[in-house]
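2 protein chains.
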Amino acid sequence: MSKEITSRDKDYSQWYNDLVLKGGLADYSAVRGCMVIKPYGYALWENMRDVLDRMFKDTGHVNAYFPLFVPRSFLEKEEGHAEGGFAKECAVVTHYRLKADPNNKGKLMVDPDSKLEEELIVRPTSEAIIWNAYKDWINSYRDLPLLINQWANVVRWEMRTRLFLRTTEFLWQEGHTAHATAEEAVEETVKMLGVYTDFVENYMAVPVIKGVKTPNERFAGAIDTYCIEALMQDGKALQAGTSHFLGQNFAKAFDVKYLNRDNQQEYVWATSWGMSTRLIGALIMAHGDDQGLIMPPRIAPVQVVIVPIYKGDEQKKLIDTRANELMQQLKAVGIRVKYDDSDNARPGWKFAEYELKGVPVRLALGARDLENNVVEIARRDTKEKSSVSLDGLAPYIATLLEEIQQNMFEKARVYRDSHITEVNSWEEFKEVLNGKGGFISAHWDGTGETEEKIKQETKATIRCIPLSSKEETGVCVYSGKPSTQRVLFALSY
Amino acid sequence: MSKEITSRDKDYSQWYNDLVLKGGLADYSAVRGCMVIKPYGYALWENMRDVLDRMFKDTGHVNAYFPLFVPRSFLEKEEGHAEGGFAKECAVVTHYRLKADPNNKGKLMVDPDSKLEEELIVRPTSEAIIWNAYKDWINSYRDLPLLINQWANVVRWEMRTRLFLRTTEFLWQEGHTAHATAEEAVEETVKMLGVYTDFVENYMAVPVIKGVKTPNERFAGAIDTYCIEALMQDGKALQAGTSHFLGQNFAKAFDVKYLNRDNQQEYVWATSWGMSTRLIGALIMAHGDDQGLIMPPRIAPVQVVIVPIYKGDEQKKLIDTRANELMQQLKAVGIRVKYDDSDNARPGWKFAEYELKGVPVRLALGARDLENNVVEIARRDTKEKSSVSLDGLAPYIATLLEEIQQNMFEKARVYRDSHITEVNSWEEFKEVLNGKGGFISAHWDGTGETEEKIKQETKATIRCIPLSSKEETGVCVYSGKPSTQRVLFALSY
Chain D
1 MSKEITSRDK DYSQWYNDLV LKGGLADYSA VRGCMVIKPY GYALWENMRD
51 VLDRMFKDTG HVNAYFPLFV PRSFLEKEEG HAEGGFAKEC AVVTHYRLKA
101 DPNNKGKLMV DPDSKLEEEL IVRPTSEAII WNAYKDWINS YRDLPLLINQ
151 WANVVRWEMR TRLFLRTTEF LWQEGHTAHA TAEEAVEETV KMLGVYTDFV
201 ENYMAVPVIK GVKTPNERFA GAIDTYCIEA LMQDGKALQA GTSHFLGQNF
251 AKAFDVKYLN RDNQQEYVWA TSWGMSTRLI GALIMAHGDD QGLIMPPRIA
301 PVQVVIVPIY KGDEQKKLID TRANELMQQL KAVGIRVKYD DSDNARPGWK
351 FAEYELKGVP VRLALGARDL ENNVVEIARR DTKEKSSVSL DGLAPYIATL
401 LEEIQQNMFE KARVYRDSHI TEVNSWEEFK EVLNGKGGFI SAHWDGTGET
451 EEKIKQETKA TIRCIPLSSK EETGVCVYSG KPSTQRVLFA LSY
Chain C
1001 MSKEITSRDK DYSQWYNDLV LKGGLADYSA VRGCMVIKPY GYALWENMRD
1051 VLDRMFKDTG HVNAYFPLFV PRSFLEKEEG HAEGGFAKEC AVVTHYRLKA
1101 DPNNKGKLMV DPDSKLEEEL IVRPTSEAII WNAYKDWINS YRDLPLLINQ
1151 WANVVRWEMR TRLFLRTTEF LWQEGHTAHA TAEEAVEETV KMLGVYTDFV
1201 ENYMAVPVIK GVKTPNERFA GAIDTYCIEA LMQDGKALQA GTSHFLGQNF
1251 AKAFDVKYLN RDNQQEYVWA TSWGMSTRLI GALIMAHGDD QGLIMPPRIA
1301 PVQVVIVPIY KGDEQKKLID TRANELMQQL KAVGIRVKYD DSDNARPGWK
1351 FAEYELKGVP VRLALGARDL ENNVVEIARR DTKEKSSVSL DGLAPYIATL
1401 LEEIQQNMFE KARVYRDSHI TEVNSWEEFK EVLNGKGGFI SAHWDGTGET
1451 EEKIKQETKA TIRCIPLSSK EETGVCVYSG KPSTQRVLFA LSY
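So the sequences go chain by chain: D and C. Per our numbering, residue 1 is the first one in the first sequence, and the count goes up by one each step. Per our numbering, residue 1001 is the first one in the second sequence, and the count goes up by one each step.
A portion of the hints provided could be inaccurate.
Claimed, not checked - Some, not all, of what chain D presents toward chain C, calculated at C-beta under 10 Å:
(1) Y28
(2) V36
(3) L68
(4) P71
(5) L116
(6) I130
(7) N153
(8) E169
(9) L171
(10) A398
Said to hold, decoys possible - Keeping only pairs whose Cα atoms sit at most 30 Å apart, straight-line, the calculated DSS-like set for lysine-lysine is:
(11) C:K1010 x C:K1191
(12) C:K1010 x C:K1411
(13) D:K257 x C:K1105
(14) C:K1105 x D:K115
(15) C:K1455 x C:K1470
(16) D:K3 x C:K1470
(17) C:K1107 x D:K115
(18) D:K191 x D:K135
(19) D:K10 x D:K436
(20) C:K1115 x D:K107
(21) C:K1252 x D:K105
(22) D:K115 x C:K1252
(23) C:K1057 x D:K350
(24) D:K99 x C:K1115
Everything labelled a hint here was simulated from the structure, so no lab data went into it. Here a beta-carbon is modelled for each residue, glycine too, at the ideal position from N, C-alpha and C.
Here chain D stands alone, though its shape is the one from the complex:
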């Protein structure tokens, strides 16, 4: 496969696919809409998962695992789901056996005798199956709060798929908590939004805006959906995580009550919150450039790559020895380092390859460098090169990685901040949307009708009502009706 990358200007969408495929993150699969997460992409996901998992545990959560299948009737119990939502576009298991096809030697067919009495749905999300279990687990206030997270695969039958951004099957985590009071559940919802913000900003180096969804954009069955919204380089927004306050909806649907301290039966209060492999798409589009991926050091599968530059075996041997020493020093301070001494590619090819893969720091180690006791360091984010002494290299690199992490966040923040535009008229709205893009901060009359009309006319949606937004009197950009605060519109993934 050619390693040439389409530029963003030429074809943004093709640029994205090039980074995913040629960067070795994922591949298409033989199953419609499903992708293969390749080792490099999966190593990134493992790092993301490990950081998040630690954050969940530090905030008192435990992991568990619930069945892949949800009986059809369970989805009917969820208020709102029977009427709409992704529960409808899903993988439906109707039979449990294949048999040899009597009319086609060597072929298999569905055994009609194995039809299920009730179809099973491959989970699009697990509220139903989990709340059905909680019914047996929760009896008294002593059983609360119940703070459980699950790492799992889910399936939503998407018609138009994009690698990482929208796939039929994807990996995610879903937290499902149960509480004695509404206040506590709301507190949990907001706390987990904070955990997500911490993770996305400080590990993925992607700045986000915290907000609340409008009723139209809310998760079916939620009272309030909190979200974090990130901005991609093409000016489109991407929802990076959601945290739902579910009220007592699921408790009522699955009859989950607890005995309170006053010895009375009450319905339990719920939250759910999730983050998925979709975030990898956000990482690619927030940071990548025309040379390839740029990995934030804190979650980069490989933080430092060492490339030897030599002529002949003797030079190679000397460099090997020094490189192995460096590897030990770097590993000793917890740096993920790779020594690429493969002999089937020239240094220039390797440089391009690790640029494409977005390795934050590249060390080029040549014979003359050894003589001078230095190494050439190239930063992936700024492409700056410098010659640095081999003495004390490990702490130098550790500091450099942190500097790159901060610089990546800053760069993305400056871009994002320069793409939040306050507009006060419908003409201005359309001009910005079709021009520089980004978030449009505008007054909105608060009605679903106006929201829907704007969406139909421009494809822009209200990404969120920012938690930080202040009361401000104004008039809706679309309807001219009175409004009390600005909301953020954008085109989105």
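Let chain D serve as the given structure and place chain C on it in line with the hints.
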């Protein structure tokens, strides 16, 4: 739920279920044959997974993730699968949409317009989907070996299920490697059997016998299936892991060739190997007693529990302070410790609860203990109690945990070794099988017919031809025909 445990003597099968359910490892679910892995059980699985994952990475493997679904036609390509094997009893996805049932308000039905052209099978194992991907990834000898592992859920439509031991959905890892030569693939197969042996013996404290399966018991499509077999306390064997040398079968089925160093196209050689949540069943039955689970310290979710014993708030406060100090000391040396100062249960109830959960070490900390600067230590494995000085407690406990780990393995090994019986006649065979049980070491004529007849008459199967077994002339216990070595028979899970 009553916490009383049925004794092994009374009802072994009920004892097992009591340990799983009342020990808080897992629960039944609303989906036939699927279970919920509860937080305590999942924490155990996480520890098992983390150790194994480290071992895989240390032996050069990387993780990836492949689709949940396998197109029906892929299973037809696998030699042997179309004719038999678990690919037939599986969850079949035939449709991709539910819709509101027009004749039943609030109900959902399968949308007949959403029928798939080709059914999708929820993976019972991933050879087919993975080898289909490998076809694109492997071109030259430079791409080999390809050493990939996947952590995933799989589904096999089991008719008779048992918690952990046999469930419709289970969690596992599956390694799928590709090699340039048969020798290298066989070496990998044996190496991974070694990794499994190391893990099961040194972390789960369960002794195993390494061996090779007979052709009848082989994985469909394998040239050789290596396995490790463990012995449970009821005298039945349990297959704890398998490692398959697949020859070129999958390479041929999915047309995966590589250009060798002589510039010629050759089919690739393959292995696959797996271990699953089933192992938790082995852990329960190898170690548990009539008081509950016994967790091997190295993978125990909680290694040490501290229970305060006090009268009044003043004593409680003193004990809290000291307990928190101890917690810090124990955590500092990497010990997983829990302080249970909940006020809704008496110490006696807590003692029983942690015995049931199998926590290796319990510390009871009372007011008088503090005065004497001691703590009461109870070992779960031997039930021995002793009073130990609080000074230098952390290293003492670290040593004790290792001692418990070794003792658990030794105890299981002595039991296992005393349940390998050499028999030389068919009468003896049946007598041992129906008496003390365990492994029966007997001569076998090497034919599938005899193997099948023995199975039909006694339900005993050949668990393996041990790798350690020596050549020895004899006659088959069943047919009287000549034999060159003994094999191990047993009833099994």
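Here is what the structure says about each hint:
1. Hint status for D:Y28: holds, given a least beta-carbon distance of 9 Å to chain C, under 10 Å.
2. Contact between D:V36 and chain C, as hinted, is supported at the beta carbon level, the nearest pair being about 5 Å apart and thus within 10 Å.
3. Interface hint at D:L68: satisfied, since its Cβ lies 5 Å from the closest Cβ of chain C, which is below the 10 Å cut-off.
4. Given the 10 Å rule on beta carbons, the hint for D:P71 holds: about 6 Å separates it from the nearest Cβ of chain C.
5. With its C-beta approaching chain C no nearer than about 9 Å, D:L116 sits inside the 10 Å limit, and its interface hint holds.
6. A hinted interface residue such as D:I130 counts as satisfied when its beta carbon comes closer than 10 Å to some beta carbon of chain C; here the least separation is about 9 Å, so the hint holds.
7. Among the interface hints, the one on D:N153 holds; its C-beta lies about 6 Å from the nearest C-beta in chain C, closer than the 10 Å criterion.
8. The closest approach between the C-beta of D:E169 and any C-beta of chain C is roughly 5 Å, which is under the 10 Å cut-off, so the hint is satisfied.
9. A cut of 10 Å between beta carbons decides the hint on D:L171: the least distance to chain C is about 7 Å, and the hint holds.
10. The beta carbon of D:A398 is not positioned within 10 Å of any beta carbon in chain C (closest approach about 23 Å), and the interface hint is therefore violated.
11. About 41 Å separates the Cα atoms of C:K1010 and C:K1191, which puts this hinted pair outside 30 Å; it is violated.
12. Note on C:K1010 and C:K1411: the hinted pairing holds, with a Cα-Cα distance of about 22 Å set against a maximum of 30 Å.
13. Restraint check: the Cα-Cα separation between D:K257 and C:K1105 comes to about 27 Å, which is no more than 30 Å; the hinted pair holds.
14. Between C:K1105 and D:K115, the direct Cα distance comes to roughly 24 Å. Compliance with the 30 Å bound is thereby established for this hinted pair.
15. For the suggested pair C:K1455 and C:K1470, the alpha carbons sit about 24 Å apart, so the restraint of at most 30 Å is met.
16. For the given pair, D:K3 sits about 55 Å from C:K1470 by alpha-carbon distance, which is inconsistent with the 30 Å threshold.
17. The straight-line distance between the Cα atoms of C:K1107 and D:K115 is roughly 19 Å, inside the 30 Å bound, and the hint therefore holds.
18. The straight-line distance between the Cα atoms of D:K191 and D:K135 is roughly 25 Å, inside the 30 Å bound, and the hint therefore holds.
19. Distance hint between D:K10 and D:K436 is fulfilled; the C-alpha atoms sit about 17 Å from each other, no more than 30 Å.
20. For a cut-off of 30 Å, the pair hint linking C:K1115 to D:K107 stands: about 19 Å separates their Cα positions.
21. With a CA separation close to 19 Å, the supplied pair C:K1252 and D:K105 stays within the 30 Å bound.
22. Distance restraint check for D:K115 and C:K1252: the Cα-Cα separation of roughly 33 Å exceeds the 30 Å cut-off, and the hinted pair is therefore not satisfied.
23. For the given pair, C:K1057 sits about 24 Å from D:K350 by alpha-carbon distance, which is consistent with the 30 Å threshold.
24. With a CA separation close to 19 Å, the supplied pair D:K99 and C:K1115 stays within the 30 Å bound.
Of the numbered hints given earlier, the model fails hints 10, 11, 16, 22; all others are met.
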